[in-house]
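Visitor: Residue numbers (UniProt numbering), protein chains in the order written: chain A, 1 to 315; chain B, 1 to 315; chain C, 1 to 315.
The hints are all genuine.
Because identical chains share one entry, a pair is satisfied inside a single copy or across any pair of copies.
Straight line, CA to CA, 25 Å or less: simulated PhoX-like cross-link-like pairs of lysine-lysine: (1) 178 / 86; (2) 300 / 283; (3) 184 / 90; (4) 283 / 311; (5) 288 / 178; (6) 283 / 304; (7) 300 / 288; (8) 300 / 311.
The hints are simulated quantities; they were obtained by calculation from the structure and are not laboratory data.
Letter by letter, the chains look like this.
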Amino acid sequence: MKLFEIAALLGCSGVEDSIEITGMNTLREASAGEISFLSDSKYEKELENTQASAVILPSSKAHLLPKGVIALPSDEPYMSVALLSKHFSKPIRSSEVPPVIGEGSVVYPSAHIENGASIGSNCTIMSGVYVGADAVIGDDVILYPNVCIYRDCRIGNRVMIHAGSVIGSDGFGYAHTKMGEHVKLYQNGNVVIEDDVEIGANTTVDCAVFGSTIIKQGSKIDNLVQIGHNCIIGEHSILVSQTGLAGSTTLGRNVVMGGQSATAGHLSIAPFTTMAARSGVTKSITNKGVYSGFPLMEHKMWLKMQAKLAKMLES
Amino acid sequence: MKLFEIAALLGCSGVEDSIEITGMNTLREASAGEISFLSDSKYEKELENTQASAVILPSSKAHLLPKGVIALPSDEPYMSVALLSKHFSKPIRSSEVPPVIGEGSVVYPSAHIENGASIGSNCTIMSGVYVGADAVIGDDVILYPNVCIYRDCRIGNRVMIHAGSVIGSDGFGYAHTKMGEHVKLYQNGNVVIEDDVEIGANTTVDCAVFGSTIIKQGSKIDNLVQIGHNCIIGEHSILVSQTGLAGSTTLGRNVVMGGQSATAGHLSIAPFTTMAARSGVTKSITNKGVYSGFPLMEHKMWLKMQAKLAKMLES
Amino acid sequence: MKLFEIAALLGCSGVEDSIEITGMNTLREASAGEISFLSDSKYEKELENTQASAVILPSSKAHLLPKGVIALPSDEPYMSVALLSKHFSKPIRSSEVPPVIGEGSVVYPSAHIENGASIGSNCTIMSGVYVGADAVIGDDVILYPNVCIYRDCRIGNRVMIHAGSVIGSDGFGYAHTKMGEHVKLYQNGNVVIEDDVEIGANTTVDCAVFGSTIIKQGSKIDNLVQIGHNCIIGEHSILVSQTGLAGSTTLGRNVVMGGQSATAGHLSIAPFTTMAARSGVTKSITNKGVYSGFPLMEHKMWLKMQAKLAKMLES
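Please construct the entire structure, taking both the sequences and the accompanying hints into account.
Guide: Here it is as structure tokens:
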């Protein structure tokens, strides 16, 4: 899609450049040929180093762009991004190349492997499994019945995913009109699951808006867990059943989250942190420790609070 | 089924009428040829206007019925309804008419479309999807792998349902014997999903006992959400991941429910209400605003309470 | 596998016995030919009556074993059990015997029934269902689309399981190395679901480590519920949507758990106990009653606490 076509689509006048734009990305991740955006002023300082060819942003910020980066002025940059994201979304099927199945792998007849996908050696791909276009599955992987891997996702070696889990479904992102309608931000990223990860049954891991949602090596995730778009789960972390992570939260290595715990989005959790069952995390955690409650506090403070509440109850 | 047969089934003596009864419904929704019931005295005033042909109710309430409506006296009306509901439940398969697939639609080979169902044009019905008898799917719909649409459900245009979600599973309703056993109330209603709705992965939406569970136009529902029987979700509402709604709750338009929030059953939530993550709603909300906590309170009060609790902890 | 081979595998010197070991089990459940273990000293008193042929345990406890039971000393018994569990895990497919389908049962073409499984009479096994090796399904069972029954599970008569539910996925159990890595404890047990149980959509029930996870007769389980390994759900219990039970918890008969409630592991809940929605149960309940809150308290105390908190807010 040429830049002047994008400008016309978004209603930006005066942009005549015919450079070919191949995709969208964040200010930090974008490279030449990609378009980026500034919809939240807290990322303003990332403008100066962006490698994007063009940036959607409020006209008042256009002067902050490096020389050679083209401004696409917008009163509602996030809405412009949503409108444009549809044009860069990939179709469900896009490849003519038959899937590659490695030596020793068993694929049940009712599994559906799209063109462009590849499956390593010694895998077991059970009944009803779906593997999307251009997805890459490593060696010695077991996908239990009815697991769904969306397009472009990458699954490492010795990964085990239990029945019904969904990897790479769209993140939950919309721009909102003044009339209260929601315009879908198409999710063009993927999910990367590293080696030796185990995922339970009926868990969901959303793909990234741009880039990757990442579950790092050796992490273990229980049943009915929700992992939002662009989360990063550190190595050897443990997420117990019914835990939920909102988008763009990063866990360090060896983080433990108890059952039914949850984090808000855009947080950073220190390595080796433990959050007890039912914890509700609304702020980043910089010091490892054991935490509880909602709002979150040190576990020993939570115990103290329960003691005080019990005493209040007796009075 | 003839009325005297129903009376015999329920052990109501003295009912000889041979009128054909075609179904069951609520007092308010029932029409001629249907049977209704009074199991909770708070609906007593709906007796006088019911269009039902017959009503199951305590004998002490029979005099409140309009002229011409036949009483089926029962000491345990809800148990009688449960016993009768089985006889009006529809079989999984009931049609000889092959499904209709609209122009431009792609149906993967492992999808199963029952007889009597219809799918509009330009749809993508992916692997492992199930579409039940007499279900109606609109145009430009995407059903991702292993989505299950139970019989009689209706899906609007431009609806997108992510992998593994279940639309129209039975609501959770039972009558209880004195011995503590549970008798299933067969759920004979459906789910109606209007245009431009998006539903995430592994979410569940139960069908109505009678009538419809409704998700109105433009609403967006995240992963692992539970929507109980007979709920109505207003236009352009947003339900974040792991939210749960018990049966028969109605949300107005543009309601937002944060992650892991929940409502009890039979509530009414005002349009444009926002409930923060983890909210637990046990009473109806008549004034729009931002609410938090369990029990629910205005969000600013919740913040105040947290401040007071923190102070208590320091003392 | 011969005992001296196991000893070599685990690095226990001096064990030369060539007795054939056929499986692993708990101290209480093990019989001759099985190996057991002591990894938590609270089970120490079960050593004296164990019928196991050999026991993995700290060398300091070896003198507590009955005569004739062979000790396999280990500094990290739980890790030894995890390492050994892999060798006793059953393959996904292990039988050459074609599945048996009872009279009057309908099996949709896209369902996958493994060899060694049997399905009773008058069942409906819908599209995309998976029934694992040696699983036994009773009579008059309905498995809705994409239900997955793992190997060895046993489903009683008149059981109904709604779409997408997973029965018998691996419990969430790992031994942890000093480097913070997690070694899978292979889950070699099964799930037993007794007669007249109904299970909602997208619910998950994990198999037992050893022995059985059991859902007793007449229990009703809603959508998106998590039941951990080795739980026992008493007769006619009711678990409302999004409830979660950690491993090895036992509910008595007619227990009710409200929506989004949860229990920790290894608890015992008295018969006829009701836990309100959102209850969080961290200790066993010995007296039946109605309970609420997290931490759990009598419901009337919870109401009193809410009143006191409301009063505090006004001050």
